[in-house]
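Chains as they are written, first to last, in the numbering used here: chain A, 1 to 366; chain B, 367 to 657.
Because the hints were derived from the structure by calculation, they are not lab data. It is possible that some hints are incorrect.
If you want the footprint, here are the derived chain A segments under chain B, 3+ residues with CB under 8 Å [as the list claims (entries may be wrong)]:
| no. | region |
| --- | --- |
| 1 | 40–51 |
| 2 | 64–76 |
| 3 | 155–167 |
| 4 | 254–268 |
| 5 | 310–317 |
Under 7 Å between C-beta atoms, here's a sample of chain A residues computed to sit facing chain B [stated by the list, open to error]:
| no. | residue |
| --- | --- |
| 6 | Val124 |
| 7 | Leu324 |
| 8 | Leu325 |
| 9 | Leu344 |
A quick note: this is a predicted structure, and the numbers were derived from the prediction, not measured. Ideal Cβ placement from N, Cα and C applies to all residues, glycine included.
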Amino acid sequence: MRFVFKTHYDQDLGLFKHTQHRVCYALLGAIMVALPWLISDYLLGEFTLVLIWSIAGMGLMILIGQTGQASLGHAAFLAIGAYSVVLLQERAGLPFLLAFPLAGLISGVCGALIARPIAKLHGVYLAIATLALGILVEDIIVIAEAWTGGVGGLFAPDIDIFGHTFNKYINPADLYFLILGITVVLVLLYKNLLRSPLGRAFAAIRDSEVSAQAMGVEIAKTKSLSFALSAAYTGLAGALLGHFTGIFNNETFTIIMSINMLMMIVIGGVGSIHGAFFGAAVFVLLPTIIAFARDGLATLGLGNAVVIPGIEAGIFAAILIAFLLFEPLGIYGRWVKIRTWFELFPLARRDMFKRNQSFLKTERTR
Amino acid sequence: MDFAQLLISGLANGCVYGLIALGFVLIYKATEAINFAQGDMMMLGAFITLALTNDNHMGLPFIPSVLIAIAVMAVFGYLLDALMLRHVFGQPQIAVVILTIAIGYIIRFGAGLIWGHEPQSLHSPLAGQDITIAGIALGLDEIAVIIVTILLTGFLYGFFAHTRTGIAIQAASQNQLAAYYMGVPVRRVYSLVWGLSGVVAAIAGVLFASKGSIDPNTGLLGIKAFAAAVIGGFGSLPGALLGGLIVGVIEPFASRYGPSGYAQIAPYLLLVLVLVFRPHGLLPQVQQKKV
Numbered sequence: 001m002r003f004v005f006k007t008h009y010d011q012d013l014g015l016f017k018h019t020q021h022r023v024c025y026a027l028l029g030a031i032m033v034a035l036p037w038l039i040s041d042y043l044l045g046e047f048t049l050v051l052i053w054s055i056a057g058m059g060l061m062i063l064i065g066q067t068g069q070a071s072l073g074h075a076a077f078l079a080i081g082a083y084s085v086v087l088l089q090e091r092a093g094l095p096f097l098l099a100f101p102l103a104g105l106i107s108g109v110c111g112a113l114i115a116r117p118i119a120k121l122h123g124v125y126l127a128i129a130t131l132a133l134g135i136l137v138e139d140i141i142v143i144a145e146a147w148t149g150g151v152g153g154l155f156a157p158d159i160d161i162f163g164h165t166f167n168k169y170i171n172p173a174d175l176y177f178l179i180l181g182i183t184v185v186l187v188l189l190y191k192n193l194l195r196s197p198l199g200r201a202f203a204a205i206r207d208s209e210v211s212a213q214a215m216g217v218e219i220a221k222t223k224s225l226s227f228a229l230s231a232a233y234t235g236l237a238g239a240l241l242g243h244f245t246g247i248f249n250n251e252t253f254t255i256i257m258s259i260n261m262l263m264m265i266v267i268g269g270v271g272s273i274h275g276a277f278f279g280a281a282v283f284v285l286l287p288t289i290i291a292f293a294r295d296g297l298a299t300l301g302l303g304n305a306v307v308i309p310g311i312e313a314g315i316f317a318a319i320l321i322a323f324l325l326f327e328p329l330g331i332y333g334r335w336v337k338i339r340t341w342f343e344l345f346p347l348a349r350r351d352m353f354k355r356n357q358s359f360l361k362t363e364r365t366r
Numbered sequence: 367m368d369f370a371q372l373l374i375s376g377l378a379n380g381c382v383y384g385l386i387a388l389g390f391v392l393i394y395k396a397t398e399a400i401n402f403a404q405g406d407m408m409m410l411g412a413f414i415t416l417a418l419t420n421d422n423h424m425g426l427p428f429i430p431s432v433l434i435a436i437a438v439m440a441v442f443g444y445l446l447d448a449l450m451l452r453h454v455f456g457q458p459q460i461a462v463v464i465l466t467i468a469i470g471y472i473i474r475f476g477a478g479l480i481w482g483h484e485p486q487s488l489h490s491p492l493a494g495q496d497i498t499i500a501g502i503a504l505g506l507d508e509i510a511v512i513i514v515t516i517l518l519t520g521f522l523y524g525f526f527a528h529t530r531t532g533i534a535i536q537a538a539s540q541n542q543l544a545a546y547y548m549g550v551p552v553r554r555v556y557s558l559v560w561g562l563s564g565v566v567a568a569i570a571g572v573l574f575a576s577k578g579s580i581d582p583n584t585g586l587l588g589i590k591a592f593a594a595a596v597i598g599g600f601g602s603l604p605g606a607l608l609g610g611l612i613v614g615v616i617e618p619f620a621s622r623y624g625p626s627g628y629a630q631i632a633p634y635l636l637l638v639l640v641l642v643f644r645p646h647g648l649l650p651q652v653q654q655k656k657v
């Protein structure tokens, strides 16, 4: 067992709690930096995609994990980010370094604007309102063809920073490092947000809106901020995704994608930054793993490499159901349980994480 | 003439939306869970009927196959609650939403695996027959949809108002703990409600399939029905039907008289407007929260 003996106030404020914590993250950082020399270009591309989806997952996590507000239409913000970063570069002639943060800003402002009317909704109503907005954006892309290219879609140029271009086929390692850098900055921002008064206000709203209000949290304003921040993160992820895929149209950002994002963070573990990364890894790498497994089965002579349409979605959903039934806290929750067992060895008890029995609390009276 | 025909076909479509919405609301009223798989359950019910009655499948007579499909879907709904939904009880509402979405994925995947992804049509005795009343050509299928919806709504009203089980469901929905104390078997009641909504889904599926073709992605129609339920007011059975009818009627008129491209977003536009100005639907069922 470990006891952290605090000798200085800075220890309460620090990002890392103890030496082992620091060592673990240093190791993780070293592995991430060394990754381009360890794996093939194809897998590196997949890892870049994992990072992009993690940013999107963090965006949704701010809203669902920290503030407790559901959103079934977050692909809309991915779309806003992707379209604005390309349009800012091609129509307004801005460099990527300016267009990228601006895309996040535009997405964030959109998030704040739609938050004003819908943030007062709860539960089902909020879910369906965001769902409707997600569907509307899908159709608005088609209607606003002059800007968005409609069904034909938009081609995203290569990312260009001071004359250095980043292309996932020509120099995948450079692109990986660029996105890794962006991810690290966004994670630090997120982590600091959680430690700020605003982050605490988010948590207060998540746990009980009535008590948060009693404590002096401005509900409407804080919820709007949460929507805005969440949309900004998702918009940044959308901008990167647009550049990464190279071409996108209205069918890239469907309601299915919003739902996938939601499933992603639930599998990873709602309420933690780790969860966004675990979920993104499962979501992106699952098709790759299925493809490898299919090839493996074929070489073993079992099954003749049959391609079943929709098997990715089916397996993804089955994993999700298993998690919801047996480990509602997601991969990160399971990891915390395993870690606690080792840290407390041999004192860990089976019922340590047991939930209290709960009864239905109706949302109709509010 | 044109107007009346659009109205009737809109009403018929609206009845199907209304029936799916009814399934949502039944479950929501009783168990406070939102079943995003309702549309997929409808699709499953339709496919089971199709597999039983179509000549290239089993070729049974129409009415018995519909009854079998209804029974299968009732058991399916019951087991869904008993085996899965019950275990996420008491978790945040979003957990139930995600679970049912995932169940919907699985149903769609399974249906695609068994029946393929090609659109198929149900060989129903109603399909493709027209009768002309006062110069308006009406499809027999459309009339059947409207009549069955009215009958089913009447039946459900009677069930909730006058039977022991119906009143037990109402009790469990109003106060779970108190219902337990009064000896209502709350768990079984909840599973029963899920079974009931399976029945409604199967009927909606058969009606929908006899109006046109179905494929595994038909279940996504559930999203539109969901919008209908919210427009009407989630938690009110007449509201669900009303919302379904509104959405169903708006669609053909928007595509006939509105600018192109806007027809399919009309229901969602209406939904957003309703949510902004009447956040709890047209027929709300909300009281002030007591802390």
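| task | Examine the region 40–51 of chain A: at least three residues should have C-beta closer than 8 Å to a C-beta of chain B. | result | violated (count 0)
| field | leucine 344(A) as an interface hint toward chain B, with CB separation required under 7 Å | value | violated, 26 Å
| task | Establish whether the coverage given for the region 155–167 of chain A by chain B is satisfied; the threshold is a Cβ-Cβ distance below 8 Å, and no fewer than three residues must meet it. | result | As far as the region 155–167 of chain A goes, the hint is violated, because 0 residues have Cβ atoms under 8 Å from chain B.
| message | Checking hints one by one. Is leucine 324(A) an interface residue toward chain B, by the C-beta closer than 7 Å rule? | response | Hint holds; leucine 324(A) Cβ to chain B Cβ min 5 Å, cut 7 Å.
| leucine 325(A) as chain B interface residue, shortest Cβ-Cβ below 7 Å | Holds. Min distance 5 Å.
| query | Taking the closest Cβ pair, is valine 124(A) under 7 Å from chain B? | reply | Valine 124(A) check passes; min Cβ-Cβ to chain B is 5 Å, inside 7 Å.
| task | Check, residue by residue, whether the region 64–76 of chain A contains three or more positions whose beta-carbon lies closer than 8 Å to a beta-carbon of chain B, and give the verdict. | result | holds (count 4)
| said: Using a Cβ cutoff of 8 Å, are there at least 3 residues of the region 310–317 of chain A near chain B, or does the coverage claim fail? | reply: holds (count 6)
| Checking C-beta pairs, does the region 254–268 of chain A have three or more residues closer than 8 Å to chain B? | holds (count 5)
When held up to the earlier numbered hints, the structure conflicts with 1, 3 and 9 and fits the remainder.
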